[in-house]
Amino acid sequence: MGNNRHAQGNNSQDPLKALKEKHGRLAVIEIDGKTMAFRPFEKAAVADIRRNLEKTPEASLDILINSLKFVCVHGAEHFDQVARERPMAFAGSDGLHDAMMTMARGAPKITTLE
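The sequence shown runs 1 to 114 under the working numbering.
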């Protein structure tokens, strides 16, 4: 019986491990006991997000949340409920969207020479 519990524990980690192997990097958020994982934004998606934010800034919260919905690869069944109840976890400052943009940007060292 002890082995069954151990095996079940390993199975709960396998989906995220498999997704990390598939996508290379993931952003994982746990909120209200629900875990969701997001693959990185593709270059075209980043451009679309920026263009849509410039075009309709009054819809920025919806744009940011919707952009995350399309890259949710684990726990998507919880996405709508959590986004409705805790929108700023996704789109607020220090929210998931900021982390996703940082992941897309990487950690470049920028030097200007004048």
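Just so you know, not all the hints are guaranteed correct.
[What the hints assert, rightly or not] Below, a list of computed lysine-lysine pairs in the PhoX-like style, where the Cα atoms sit at most 20 Å apart:
no.	residue 1	residue 2
1	K69	K20
2	K43	K17
3	K55	K22
4	K34	K20
5	K43	K22
[Unchecked claim] Taking CB as the label site, the calculated pair distances span:
no.	residue 1	residue 2	range
6	D98	R51	16 to 22 Å
7	L113	E85	17 to 23 Å
8	G24	L113	18 to 24 Å
9	D62	L113	36 to 42 Å
It should be emphasised that the hints constitute simulated quantities derived from the structure, not laboratory data. Just so it is clear, CB atoms sit at the ideal spot from N, CA and C, and this is done for glycine as well.
Status of the hints after comparison with the structure:
For a cut-off of 20 Å, the pair hint linking K69 to K20 stands: about 18 Å separates their Cα positions. For the suggested pair K43 and K17, the alpha carbons sit about 24 Å apart, so the restraint of at most 20 Å is broken. The straight-line distance between the Cα atoms of K55 and K22 is roughly 34 Å, outside the 20 Å bound, and the hint therefore fails. A C-alpha spacing of about 18 Å is found between K34 and K20, which places the hinted pair at or below 20 Å, so the restraint holds.
Only pairs whose Cα atoms come within 20 Å are accepted, and K43 paired with K22 is accepted, the gap being roughly 18 Å. Separation of D98 from R51 is about 18 Å and conforms to the stated range, judged on CB atoms against 16 to 22 Å. As the Cβ distance of L113 to E85 is approximately 49 Å, the hint placing it in 17 to 23 Å is violated. For G24 and L113, the Cβ-Cβ distance of about 32 Å falls outside the hinted range of 18 to 24 Å, so the restraint is violated.
Checked against the hint of 36 to 42 Å, the pair D62 and L113 passes, with Cβ atoms roughly 41 Å apart.
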